[in-house]
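Just so it is clear: in the sequence shown, position 5 is 6 by my numbering, and no numbers are missing.
Do not take every clue at face value.
[Claimed, not checked] Derived lysine to aspartate or glutamate pairs resembling EDC-like cross-links, with alpha carbons at most 20 Å apart:
| id | residue 1 | residue 2 |
| --- | --- | --- |
| 1 | LYS74 | GLU85 |
| 2 | LYS109 | ASP130 |
| 3 | LYS92 | ASP66 |
| 4 | LYS84 | ASP66 |
| 5 | LYS38 | ASP48 |
| 6 | LYS90 | ASP102 |
| 7 | LYS71 | GLU85 |
| 8 | LYS90 | GLU118 |
| 9 | LYS124 | ASP102 |
| 10 | LYS124 | GLU148 |
| 11 | LYS124 | GLU9 |
| 12 | LYS71 | ASP48 |
| 13 | LYS90 | ASP66 |
| 14 | LYS92 | GLU118 |
| 15 | LYS90 | GLU79 |
| 16 | LYS109 | GLU138 |
| 17 | LYS124 | GLU138 |
| 18 | LYS74 | GLU138 |
| 19 | LYS74 | ASP102 |
| 20 | LYS109 | GLU9 |
[Stated by the list, open to error] Label pairs and their in silico Cβ distance ranges:
| id | residue 1 | residue 2 | range |
| --- | --- | --- | --- |
| 21 | LEU69 | ALA143 | 18 to 26 Å |
| 22 | GLU35 | GLU91 | 14 to 22 Å |
| 23 | THR64 | HIS119 | 20 to 28 Å |
| 24 | GLU108 | VAL65 | 29 to 37 Å |
| 25 | ILE42 | GLU138 | 42 to 50 Å |
| 26 | ASN5 | THR70 | 39 to 47 Å |
| 27 | LEU69 | THR33 | 20 to 28 Å |
| 28 | THR70 | VAL30 | 39 to 47 Å |
| 29 | VAL30 | ASN5 | 33 to 41 Å |
| 30 | SER49 | GLU107 | 49 to 57 Å |
| 31 | ASP66 | GLU107 | 29 to 37 Å |
| 32 | ILE89 | ALA31 | 38 to 46 Å |
| 33 | PHE34 | GLU91 | 47 to 55 Å |
Hints listed in this document are in silico derivations from the structure and should not be mistaken for laboratory results. Cβ coordinates follow ideal geometry from the N, Cα and C atoms, glycine included.
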Amino acid sequence: MPHNPCHEVIFEAPLSDFSAVTKSEPNLVANTFEHFKNANISLNIIDSLHVQCPPPWEEHNITVDISLTKQNKENTSEVTYQKEFFRIKEKFSNHYAVFTDGSKLEEKVAAAAYFPEHPDCSKATRLRDGASVFSAELEGIALALTEI
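All chains, please: the whole structure from these sequences, using the hints.
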């Protein structure tokens, strides 16, 4: 399906993209240490910052809406889904939208995360052949989380 966000990554990506080995840049910490060293700044004078995030069970502001899952796909019209989608979109109008998808066609598997307000932040990736569609769905969510 050419309109699926994963289509281009699965079917139109050159095979060389999957076999190329790229050298990663030094990470932020390595770069920072090098700059401190070059500036003769002792790391002993820098205080450590310890951030403690609350565990998920202590977070009280999480909202999850699964109302679309209550519809039976076989007996629900596309128009009904569209109406419900726009109702949910309005309900969360002050939130940031992100859409994720994982797809599998035969043995080819891919995932995508789409940010309507910032399409340049959208990502798609191909998973190994034979991966499960469940893995693809999770990878789509993981792609989204890297940008949030």
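Exercise. Failing hints, ascending?
Worked result: 12, 22, 26, 27
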